[in-house]
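Generate coordinates for the entire structure from the input sequences, incorporating the hints supplied.
Residues per chain are reported as follows:
Number of protein chains: 4
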Amino acid sequence: MQLPKAAEPDDHPTVSSALRDAYAQVRETSVALAAPLAPEDQVLQSMPDASPTKWHLAHTSWFFETFLLKPRLDGYRPIDERYDYLFNSYYQQIGAQFPRARRGLLSRPTVDQVLDYRAHVDDAMQALIAREGDDVADLVTLGLNHEQQHQELLVTDIKHLLAINPLAPAPYGPALALAQDAPPLHWIDFDGGLREIGFHGNGFAFDNEGPRHRQHLEAFALASRPVTNGEFIAFMDAGGYADPALWLSEGWARVQAEGWTAPLYWEPAATGWTRYTLHGRLPVDPAAPVCHVSYYEAAAYAAWAGCRLPTEAEWEVAASGAPVEGHFLDIARLEPSACGGTGAKLWQIYGDVWEWTASAYSAYPRYRPAAGAIGEYNGKFMSNQMVLRGGSCATPAGHIRPSYRNFFPPDTRWQYSGIRLAQDR
Amino acid sequence: MQLPKAAEPDDHPTVSSALRDAYAQVRETSVALAAPLAPEDQVLQSMPDASPTKWHLAHTSWFFETFLLKPRLDGYRPIDERYDYLFNSYYQQIGAQFPRARRGLLSRPTVDQVLDYRAHVDDAMQALIAREGDDVADLVTLGLNHEQQHQELLVTDIKHLLAINPLAPAPYGPALALAQDAPPLHWIDFDGGLREIGFHGNGFAFDNEGPRHRQHLEAFALASRPVTNGEFIAFMDAGGYADPALWLSEGWARVQAEGWTAPLYWEPAATGWTRYTLHGRLPVDPAAPVCHVSYYEAAAYAAWAGCRLPTEAEWEVAASGAPVEGHFLDIARLEPSACGGTGAKLWQIYGDVWEWTASAYSAYPRYRPAAGAIGEYNGKFMSNQMVLRGGSCATPAGHIRPSYRNFFPPDTRWQYSGIRLAQDR
Amino acid sequence: MQLPKAAEPDDHPTVSSALRDAYAQVRETSVALAAPLAPEDQVLQSMPDASPTKWHLAHTSWFFETFLLKPRLDGYRPIDERYDYLFNSYYQQIGAQFPRARRGLLSRPTVDQVLDYRAHVDDAMQALIAREGDDVADLVTLGLNHEQQHQELLVTDIKHLLAINPLAPAPYGPALALAQDAPPLHWIDFDGGLREIGFHGNGFAFDNEGPRHRQHLEAFALASRPVTNGEFIAFMDAGGYADPALWLSEGWARVQAEGWTAPLYWEPAATGWTRYTLHGRLPVDPAAPVCHVSYYEAAAYAAWAGCRLPTEAEWEVAASGAPVEGHFLDIARLEPSACGGTGAKLWQIYGDVWEWTASAYSAYPRYRPAAGAIGEYNGKFMSNQMVLRGGSCATPAGHIRPSYRNFFPPDTRWQYSGIRLAQDR
Amino acid sequence: MQLPKAAEPDDHPTVSSALRDAYAQVRETSVALAAPLAPEDQVLQSMPDASPTKWHLAHTSWFFETFLLKPRLDGYRPIDERYDYLFNSYYQQIGAQFPRARRGLLSRPTVDQVLDYRAHVDDAMQALIAREGDDVADLVTLGLNHEQQHQELLVTDIKHLLAINPLAPAPYGPALALAQDAPPLHWIDFDGGLREIGFHGNGFAFDNEGPRHRQHLEAFALASRPVTNGEFIAFMDAGGYADPALWLSEGWARVQAEGWTAPLYWEPAATGWTRYTLHGRLPVDPAAPVCHVSYYEAAAYAAWAGCRLPTEAEWEVAASGAPVEGHFLDIARLEPSACGGTGAKLWQIYGDVWEWTASAYSAYPRYRPAAGAIGEYNGKFMSNQMVLRGGSCATPAGHIRPSYRNFFPPDTRWQYSGIRLAQDR
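Those sequence lines, one after another, are chains A, B, C and D. Residues 26 to 450 in the numbering used here are what the first sequence spells out, letter by letter. Residues 26 to 450 in the numbering used here are what the second sequence spells out, letter by letter. Residues 26 to 450 in the numbering used here are what the third sequence spells out, letter by letter. Residues 26 to 450 in the numbering used here are what the fourth sequence spells out, letter by letter.
Each hint should be verified, as a subset may be incorrect.
As the list claims (entries may be wrong) - DEER-style ranges, computed between Cβ atoms:
{"no.": "1", "chain 1": "D", "residue 1": "388", "chain 2": "A", "residue 2": "229", "range": "27 to 35 Å"}
{"no.": "2", "chain 1": "D", "residue 1": "214", "chain 2": "A", "residue 2": "118", "range": "47 to 55 Å"}
{"no.": "3", "chain 1": "D", "residue 1": "295", "chain 2": "A", "residue 2": "283", "range": "48 to 56 Å"}
{"no.": "4", "chain 1": "A", "residue 1": "293", "chain 2": "D", "residue 2": "388", "range": "50 to 58 Å"}
{"no.": "5", "chain 1": "C", "residue 1": "57", "chain 2": "D", "residue 2": "106", "range": "30 to 38 Å"}
{"no.": "6", "chain 1": "D", "residue 1": "296", "chain 2": "C", "residue 2": "121", "range": "17 to 25 Å"}
Claimed, not checked - If the Cβ cut is set under 8 Å, some of the chain A residues that face chain B in the computed set are:
{"no.": "7", "residue": "66"}
{"no.": "8", "residue": "69"}
{"no.": "9", "residue": "71"}
{"no.": "10", "residue": "73"}
{"no.": "11", "residue": "133"}
Said to hold, decoys possible - Computed footprint of chain C on chain D, listed as stretches where at least three residues anywhere in the stretch have a Cβ under 8 Å from a Cβ of chain C:
{"no.": "12", "segment": "119-131"}
{"no.": "13", "segment": "184-193"}
In short, the hints are calculated from the structure, not lab data. Using N, Cα and C, we set each Cβ at its ideal position, and we do this for glycine too.
This is the structure:
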C-alpha cells in the first residue's frame with residue numbers, strides 16, 4: 026500500500042481548494058498508517074516518551090479543533106468537551122493536560138470513537154477552509170505539518186511498542202527485499218567563511234528555522250553517505266561499547282546503566298545480528314545506514330573513527346545544494362536501506378535516517394516564538410536537546426527542507442536516527 | 026445478563042459429565058465477563074498488581090494446558106509454544122515468565138487470538154475429561170477454582186483501570202437501584218475455648234485451608250454486619266485520616282505518601298461523596314458496606330471505634346454456623362449493597378465485601394504444600410500478607426467456604442475489601 | 026574493654042539508689058560503645074533503616090527528657106529546644122520529626138555537643154530520681170531498656186556503615202581467637218497441648234510481651250543449636266540461592282533484585298569465604314552460627330533442610346526452661362561464636378544470634394498499648410514484621426527474657442539474625 | 026581570616042621557585058577553607074552532585090599523585106594504594122572509582138588521615154618541582170587550577186550540606202555588613218560583526234577555552250549589572266513561578282516537581298525573605314545580585330523582563346575589555362554583595378555570581394582534548410550543560426579569565442549562579 030502524498034498547495038489555482046485537498050490527503054495518511062494495526066496495538070504506550078496510536082490520531086484532531094475550529098468556526102460543537110483535557114499535549118496556555126506518562130492507561134475513547142472524532146473535525150475543517158480560504162491557510166498548513174510530525178512519531182512509537190513483544194508482529198507485511206552494497210565512503214570538502222543558514226523563500230517553515238542569519242564556518246568535509254551497519258559492527262567488534270575513553274561522560278553512564286551493546290532493536294542470533302522492524306525481525310543489512318542510535322553512540326563512533334559529527338550549520342550549508350529527494354515514509358518499507366551511490370555527491374542526505382549533529386538545539390539570533398499558545402510549539406524545548414537533520418524513512422515526503430531542525434535529547438534511540446561523519450579541513 | 030453458575034460436580038451421576046458441564050460453565054463465565062468490554066479495555070494494565078483482561082483469559086487457559094493437556098493428553102499440540110512464556114504467571118518450576126509489570130505492553134495476541142486459544146484449549150480439555158474422567162477430576166477442579174479466582178481479579182483489575190479514565194466508562198450498564206437502610210449494628214457473642222478450624226469434609230478446598238487443627242480462643246464478639254459507608258464517613262469527618270495515633274506506623278506512612286483521605290475510587294462532589302463503579306460514577310450509598318479500604322484503614326477505623334478486627338480463627342468459628350449465601354458475582358450489580366438485616370444473626374458474612382482479619386497469612390500447623398510446580402500455588406506467598414475472609418460481590422457463587430483464606434498485602438485497596446469489627450468479651 | 030553491666034534494680038535495698046546506679050551504668054555503656062569510634066564514624070547513616078551513632082546517643086537522651094524531665098522536673102531547662110525536632114524518632118503525638126532517612130545529613134550538633142547534651146540530661150535525671158524515687162521507677166526502667174535496645178542498634182548500624190568502606194575499619198580492635206568445633210545437631214522433643222506464653226512475674230517487660238495467654242501447640246522438636254556457617258555453606262554449595270522452589274515468592278524476588286548469593290557482609294576470597302566484622306575482615310568460621318541472614322534466607326534454608334522454623338510460641342515454651350545465659354554485648358567480641366555444646370539441652374538459645382521465628386509480629390489476645398505517646402512504642406509496628414527471639418552478641422546482658430519479642434521485616438539482614446530449625450513430631 | 030592568594034608564576038625570576046610558592050599557597054588555601062569546619066561537617070555528602078569536604082581535600086592530592094608523582098618521581102611511595110580507588114573522581118582511563126553518590130558513606134580515612142595524606146603528597150611535590158622545574162610546570166599549574174576549582178566546590182558543597190540543618194550553622198562567623206543600594210540598570214551596546222573569542226596569549230587556560238576562533242555576532246546590548254534580589258522578588262511577586270508561558274518546558278516540569286517558588290536557600294519569614302549563608306541565616310539583601318538560581322529560572326526571568334540571556338560569545342566579547350577584578354573567594358564574605366556601580370561600564374562582570382549564558386557547552390571549532398586520561402578533564406562533559414561566565418564570590422582570585430568557561434546542567438542551583446540580561450540591538 027502506498028500512502029497518499031500531500032499535495033503541494035502552491036500547485037493549485039485557488040488556495041482554498043488546494044488546501045482542502047492537502048488537508049484531506051494528510052489526514053487520510055494518518056488513518057492509513059493506523060489501519061493495518063489492531064485496536065489492541067493502538068491503545069498501548071511503551072514509555073512516557075511515546076504515545077498510543079489512537080492518541081496521535083486524536084491529538085492531531087484536537088490541534089485543528091483548538092487552534093482553528095473553536096476560535097473561528099461559529100457554531101462549532103465539540104464532540105466531547107472532555108477531549109480537551111485528554112488530547113492537549115503540552116499547551117499550558119490552553120489548559121490542563123492528562124498526564125503524558127499515563128496516556129496508555131486510557132482505553133476510552135476507543136479507536137472507533139477516535140475515528141468518529143476525526144470525521145467530526147474533518148467535516149468542520151472542510152467547511153472552515155471553504156469559508157475562510159486564505160485567512161486560515163497559515164494555521165491549517167501548520168496543523169498539517171504538525172500532523173506529519175505525528176505521522177513519524179506514530180511509526181516510531183508503534184515500532185517501540187511492538188518490539189517489546191516476543192511475537193515480533195509485522196503489521197505492515199514483509200519487507201521489500203533490497204539487498205545491495207553500499208558504495209565506499211569518500212569525503213566532500215567545503216570551504217570556510219561567512220555563511221547564511223535558516224529558512225528563506227516562500228512556503229512553510231517552523232518558527233525555529235529562522236531568522237536566516239550569518240555564521241562563520243571553518244573549512245570542513247562531510248562524508249558522502251551515512252555510517253552503515255557494517256561499519257558500526259566494526260566499532261562494536263573493536264570494543265567500542267566497552268571503552269569509556271570514546272564516550273561522553275553521560276553517554277558512558279547510560280551505556281553502563283542500560284547495558285547498551287548494540288543499537289536499539291538489535292539482538293544477536295546464531296547467524297549474526299538481527300533487528301526488529303515493522304516488517305518483522307530481520308537480519309541486519311551491513312550496507313544499510315545504522316539506525317536507532319543515540320547521540321552518545323553517534324559521538325562515540327565518530328571519536329573511534331577519528332572524526333566528529335557536523336554542526337547543524339555545516340550540515341545545512343552542505344545540504345542546501347542537494348535535491349530534496351530520498352527514501353521517505355512508505356509503509357511498504359519502514360526501514361532505512363542501502364545507498365544507491367549514484368547522482369548527487371552527498372548521498373542519502375535526505376531520508377532514510379535523521380543525522381545527529383554536534384549542535385545543541387537553541388534559538389537562532391533574533392528568534393522570537395509566536396505569541397500565545399502556538400508559541401509553545403518549538404521554543405520551550407530549547408534545553409538538553411541535540412539537533413538532527415535530513416529526515417528519515419518515516420518522515421512524510423514533502424515535509425523536509427534544508428533548514429528543518431528536528432531535536433531530541435542525546436539519549437534518544439527510538440527515532441530513526443543515524444550518523445554522518447565530518448572532519449576539519 | 027446473569028452469569029452462568031458453576032454446577033456442583035457432586036450433584037451428578039457421573040463425574041465426567043458433571044465435570045465437563047462444570048468446566049464449560051466456568052469457562053463461559055470468564056468469556057461472558059469480558060464480552061461487554063472493548064478490545065481496547067482488555068489489553069491495558071493499570072499497575073503491576075493488576076493484569077489485562079485478555080491476560081486473565083489466556084493465563085487461565087495456560088493453566089489447563091500446562092498442568093493437564095501437556096502432561097496427560099497424548100498428541101496435544103499447543104496453538105503457539107511462545108504462549109508458555111507469555112502466560113505463565115509465577116510458576117518458577119515451569120519456566121521463565123514475561124515480566125509481570127509489563128503484561129500491559131503486549132498487544133498481541135489480540136483478544137480474538139486469545140479467544141481462539143481458549144477454544145483450542147477447551148476442545149482438548151473436553152476430550153481429556155471425556156477420556157480420563159475421575160483421574161483428572163482433582164486437577165480440573167483446581168483449574169476451575171483457579172479460573173474463578175481470576176474472574177474476581179478480572180473484575181477488580183478492569184475496575185482499577187477504568188477508574189483512571191476521566192470518561193468514567195460503565196461497561197456493564199447502569200446499576201440496579203437498591204436503596205435501603207442498613208440495620209443498626211449489634212454484637213454477637215462467642216465463647217472462648219479450644220476450637221477447630223480449617224477445611225474438613227468432602228469437596229474442593231485449597232491446600233492452605235488445612236490441615237484442620239485446634240486453636241485456643243478467648244471469648245469474643247463479632248459485629249452483626251460490616252461497617253457501612255455512612256459509619257466510615259463519620260470516621261473521616263472526625264479526622265480519622267489525619268490522626269496518626271489511630272494508625273499502624275506503615276499505614277500512616279502510606280496515608281502521608283499517597284495522600285489518602287477516603288476509600289479508593291471515592292471523589293467528593295458538590296452533593297457529597299461519589300465512587301467510581303463499573304456501572305459508572307455513583308453517589309456513595311451510606312447504607313452499603315464500606316469497600317476498597319486497605320488493612321491499614323480497617324485497623325485505623327477499628328481503633329477509632331474502640332474495637333479491633335477479628336482473627337481469622339474467630340471469624341471462621343463464627344461463620345461456620347451461617348449458610349453460605351450472599352451477594353456474589355453478578356455483572357448487573359458489581360458493587361456491595363446494603364444489608365437486608367433479616368435471617369441469620371451474622372449478616373453479610375459471605376459476599377459483598379471481603380473482611381480484613383487481624384491475622385497474617387501463614388501456614389497452619391503441619392501444612393505441607395503440594396509437590397512440584399503446583400505447590401507454588403499458595404505456600405510461597407506466606408509473607409507480608411493479611412488474611413481476608415468471606416468473599417465479595419465479585420466472587421463467583423459456589424467458590425466460597427467458611428475455611429476459605431484470601432490474602433493480600435495490608436496496603437491493598439483495589440479488591441472489594443471491607444471491615445467487620447470484633448471485641449473482647 | 027568490658028562494658029559496664031546494668032545492675033538489676035530488684036537486687037538493691039532502696040529502689041532510688043539502685044535506679045540511680047542502673048541509670049548511670051546503662052548510660053555509661055552507650056558512651057563506652059561510641060568511644061572507640063572517630064567523630065567521622067558517628068555522624069554517617071548508611072541507609073534509612075540505620076541511624077548515626079551520635080543520633081542514637083542523642084535520641085536516648087531525648088527520650089528521658091521528653092517522658093520524664095519535661096513533664097516531671099520543675100524548672101528543667103532543655104539545652105536546645107530544637108533538639109525536640111531533631112531527636113524525636115517516631116512519636117507522632119509528641120510532634121514533628123526530622124525525616125528519618127536524612128538523619129545522616131546533620132553534622133551538627135557535633136559529637137561533643139551530643140555528649141554535652143547527655144551530661145545535661147544525666148544531671149537532671151539523677152536529680153529527678155533522687156527526688157521522685159519509686160514514682161518514676163517504671164518510666165526510668167522503660168527508658169533504660171529503650172537505651173539498651175539502641176545500644177544494639179548502635180552496634181548493628183555502625184557495622185553496616187563501616188562494612189561499606191573498602192578500608193575495612195576495625196574500631197574495636199582485633200577479635201578474640203575462639204576456634205572450636207560445633208557439636209553435632211540433635212533434636213529436642215516437646216509435647217503438644219495447651220500452653221501459656223507471654224510475660225509473667227515481676228520485673229520489667231515491654232507491653233507487647235503480654236498479656237500471658239494460652240495457645241494450643243502440636244508436638245514439635247527444636248534443634249539443639251543454631252545452624253552453623255558450615256551448614257549454611259552446604260546450602261549455598263547445593264545451589265540454594267539459585268533454586269526458586271525453596272523460596273517464598275517475595276524472598277526470591279529479593280534474591281534476584283539484590284543479587285544475594287551469601288549472607289550479608291560475606292565476600293569470597295582465594296582462601297574461602299570472609300566476612301566483615303567490627304574487628305576487621307575475617308575468615309568465616311564454619312562452627313559459628315550463621316548470622317546476618319534475612320527471614321527469607323532462614324525459611325529457604327529450612328525448606329532445603331526438610332525442616333521449618335519454629336513459631337514464637339514453640340520457641341518460648343522450649344526456651345522457658347533454659348537459663349538466660351549466653352554470649353551478650355561485649356565490645357571485645359562483637360560476633361557470634363561457636364557453641365560450646367555443654368550444659369543445657371538447648372545450646373545458645375540466648376545470645377549470639379537472634380532466631381527468626383515463623384510468626385508474624387501481632388498483638389497477643391487482649392493486648393492494649395499504653396495510653397498516650399508512650400503507647401506508640403510497640404503496637405504500631407504490628408504489620409509486615411516477623412518475630413525474632415533470644416537475643417544476640419550485641420544484646421546487652423540483662424536485657425533479654427524468654428518472653429522478649431524482637432521484630433523486623435522479613436528482608437532484614439543487618440541485625441545479628443540467625444536460624445534455629447524446628448520439626449513436627 | 027584572609028585566604029592566601031595564589032602567586033602568579035610569571036611574576037617570578039625562576040619558574041621552579043615561583044611554582045613551589047604557588048603550589049604551597051594554593052594547597053594552604055584548601056586547608057584554610059576546611060579548618061573552621063568540624064570533622065563531622067567534612068565527612069557528609071548532601072547529594073550525589075556534591076562531595077564531602079575531606080573528599081575534596083583528598084581528591085586534589087590524588088590528582089597530583091596520579092598525574093605527577095607516580096609517573097615522574099622515582100621512588101615515590103603512596104601512603105595507601107587503596108586511595109586510588111577512593112579518590113579518583115571520574116578518570117576512567119586511570120581505573121575504577123568508588124561510586125560518586127556514595128562518597129558520603131566513607132568515614133575513613135578520617136579528616137586527620139586526609140591531612141596526613143596531603144602532607145605526604147606536598148612533601149613529594151615540593152621535591153619533584155625542585156628537581157624537574159620547568160618540565161612539570163604545565164601539569165603542576167593544571168593541578169593548581171584543578172585544586173582552585175575544588176576550592177569553589179568545597180564552598181558550594183558545604184553550603185548545600187549545612188543549609189539542610191535546622192540549626193543553621195555559621196562556620197565562617199558572622200557576615201560583614203555591607204548594606205548599600207544597587208545602581209539603576211542601564212544597557213551597554215555592542216556592535217555586531219565578525220569577532221574572535223577563545224583564549225589567547227600566555228599563561229594558563231583550560232583546553233576547552235580554545236582554540237581561539239571567529240564568530241559572527243549581531244549587534245546586542247548587555248545589562249550594566251546582574252539582576253538583583255529586589256528585581257527577582259518583583260518577578261516572584263508578579264507570579265513568575267506560576268506562569269508556564271515564561272518557562273522552558275523542562276524548567277516548568279522542574280518547578281512543578283520540586284515546588285520551586287524562590288531561589289535555593291530562601292525561606293520566608295515574618296519580616297521578609299531570608300537566605301541561608303555560610304555566615305548563618307540572613308535577610309535577603311534587595312541590592313545584591315540574585316544567586317542560586319538555575320538556568321531555567323534565569324531564562325524565565327529574562328522572558329518576563331522582555332529580554333534574553335547573552336550567548337557566551339557575546340559575553341566574552343563584552344567582558345574582554347573589562348579589568349579582571351571583583352569580589353572573589355574570601356571566607357569573611359562568602360556571599361555576593363551589592364554592586365558599587367563605579368568604574369567600569371560593566372559592573373560585577375567578574376566575581377560575585379556566575380552568569381548563565383544562553384550557550385550550551387560544546388567544543389569550539391577544531392577543539393581537541395589532550396591525549397590520555399588528562400583529556401577526560403573537560404571534553405567528555407559536553408552534553409546537557411550550559412555555560413556560565415565570570416566567576417563568583419567563591420572563585421579564587423587569579424583563577425578567572427575572559428575566556429573561562431564554567432558549565433553546569435540547566436537545573437543546577439547550588440552554585441553561586443546569577444543572571445545578567447541581554448537584548449538585541
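Checklist entry - Which of the listed hints are not met by the structure? => result 2, 4, 10
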